[in-house]
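Chemist: Sequence:
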Amino acid sequence: MVRAQILLDRARFSPGQIDGRYGGDLGIAVKGYQENHHLNPTGTIDTQMWRMLNADKRPLLQTYTITAADLKGPFTAIPKDVQEQALMKWMGYESPVEGLAEKFHLSPRLLAELNPGKDLEKAGEVIAVPAVERGPARRAVRVVVSKSKRAVTAYGAGDKVLAQYPATLGGEHDPLPIGDWRITIVQHYPWFYYDPVHFWNASPDEAAAKLPPGPRNPAGVVWIGVSKPHYGIHGTPDPGRIRHGESYGCIRLTNWDAADLAHMVVRGTPAIFEE
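Take the position in the sequence shown, starting the count at 1, then add 643; the result is the number in this note's numbering.
Hints may be right or wrong, so weigh each one.
Unchecked claim - In silico DSS-like links for lysine-lysine, alpha-carbon gap of 25 Å or less:
#1 Lys746 - Lys765
#2 Lys765 - Lys715
#3 Lys790 - Lys803
#4 Lys853 - Lys723
#5 Lys792 - Lys803
#6 Lys674 - Lys790
#7 Lys790 - Lys871
#8 Lys746 - Lys700
#9 Lys732 - Lys746
#10 Lys803 - Lys700
#11 Lys732 - Lys871
Claimed, not checked - DEER-style ranges, computed between Cβ atoms:
#12 Ile821 - Glu678: 30 to 36 Å
#13 Glu918 - Lys723: 42 to 48 Å
#14 Ala712 - Pro820: 37 to 43 Å
#15 Glu918 - His680: 38 to 44 Å
#16 Lys790 - Gln705: 35 to 41 Å
#17 Arg781 - Asn683: 23 to 29 Å
Read the hints as simulated data drawn from the structure, not as lab findings.
Quantities reported herein were computed from a predicted structural model and do not represent experimental measurements.
Think of the CB as a built atom: it goes at the ideal place given N, C-alpha and C, for glycine as much as any other residue.
Model the full structure from these sequences, guided by the hints.
Modeler: Right under this line is the structure:
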């Protein structure tokens with residue numbers, strides 16, 4: 644499974660967090676790859692698909708030397724209470740391992756399994772990590788958010804698929820706003836403005852709050868706003884839960900996928916939200 648996840652990640656058919664397990668995110672990536680390469684879209688990797696994936700001859704793993712910057716922090720547990728979060732200056736990782744795992748698109752558990760006996764919090768330690776460099780991003784002419792596929796797809800000229808990412812989309816109380824919208828802003832490391840009016844499960848007497856930026860901010864590392872007020876595509880503080888939960892109407896990607904998409908779009912790029 645790790646091999647398939649790495650190869651699909653590099654091909655920009657994102658499996659979400661690389662964890663060595665077959666789940667919904669990987670199934671969406673496999674099916675998307677098959678559809679785009681004129682294969683039978685079964686959602687299961689067959690011999691023909693393996694042959695195409697294995698055309699990428701680059702090593703699956705690479706070595707990485709942990710730096711002092713990786714250990715700098717600050718590393719702080721994120722409180723559950725929104726008002727306590729608002730008192731923070733930065734919503735960063737809770738540990739160096741979290742940051743390293745996110746840098747290379749994998750779960751902290753798999754990072755540890757790939758490096759038995761290694762100290763993942765020691766500068767100078769040489770570790771094994773997935774080789775997930777994707778290459779330069781190309782400009783998208785439109786972005787499609789599909790409720791049925793639970794995925795975000797970026798299209799280039801000639802209707803060519805540039806990338807597909809698994810996504811968490813709305814829910815029973817905050818459904819995806821179907822329609823044709825446009826990108827209005829791309830903001831890296833955004834502040835998050837919590838207004839209980841826009842959250843169905845918020846207490847009526849709860850105060851609004853302004854949450855500081857950081858990878859564990861509710862919007863993650865980037866906010867891609869659309870012309871529908873209060874809606875956008877953004878990152879997540881919990882990459883392991885993409886597609887396993889609900890969002891408050893917005894479209895949630897892993898931080899690395901949201902950052903990748905942010906390099907493909909500009910203000911005015913069409914964003915189609917469909918069933």
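Chemist: Could you run down the list of hints and mark each one as holding or not?
Modeler: Structure-based check of all given hints:
Of the pairs offered as hints, the one joining Lys746 and Lys765 holds, with about 16 Å between alpha carbons and a cut-off of 25 Å not exceeded. Our distance criterion of 25 Å between C-alpha atoms is met by Lys765 and Lys715, whose separation comes to about 11 Å. A distance of roughly 20 Å separates the Cα atoms of Lys790 and Lys803; the hinted pair therefore holds under the 25 Å criterion. For the proposed pair Lys853 and Lys723, the alpha carbon gap of about 15 Å is at most 25 Å, so the pair holds.
For a cut-off of 25 Å, the pair hint linking Lys792 to Lys803 stands: about 18 Å separates their Cα positions. With a C-alpha separation of about 15 Å, the suggested pair Lys674 and Lys790 falls inside the 25 Å cut-off, and the hint holds. The suggested pairing of Lys790 with Lys871 holds, with an alpha-carbon distance near 16 Å, which does not exceed 25 Å. Between the alpha carbons of Lys746 and Lys700 the distance comes to roughly 22 Å, so the proposed pair stays at or under 25 Å and holds.
As the CA atoms of Lys732 and Lys746 are separated by approximately 22 Å, the hinted pair is consistent with the 25 Å bound. Annotation: proposed proximity of Lys803 to Lys700 holds, straight-line Cα distance about 23 Å (limit 25 Å). Restraint check: the Cα-Cα separation between Lys732 and Lys871 comes to about 29 Å, which exceeds 25 Å; the hinted pair is violated. The supplied range of 30 to 36 Å is broken by Ile821 and Glu678, whose beta-carbon atoms lie about 22 Å from each other.
In this structure the supplied range 42 to 48 Å is violated for Glu918 paired with Lys723, their Cβ-Cβ distance being about 34 Å. Checked against the hint of 37 to 43 Å, the pair Ala712 and Pro820 passes, with Cβ atoms roughly 40 Å apart. Restraint check, Glu918 to His680: a C-beta distance of roughly 25 Å breaks the suggested window 38 to 44 Å. Checking the proposed 35 to 41 Å range against Lys790 and Gln705 shows it holds: the Cβ atoms sit about 37 Å from each other.
Between Arg781 and Asn683 the beta carbon distance is about 27 Å. The supplied range of 23 to 29 Å therefore holds.
Figure legend: structure checked against the earlier numbered hints; hints not met, in rising order: 11, 12, 13, 15.
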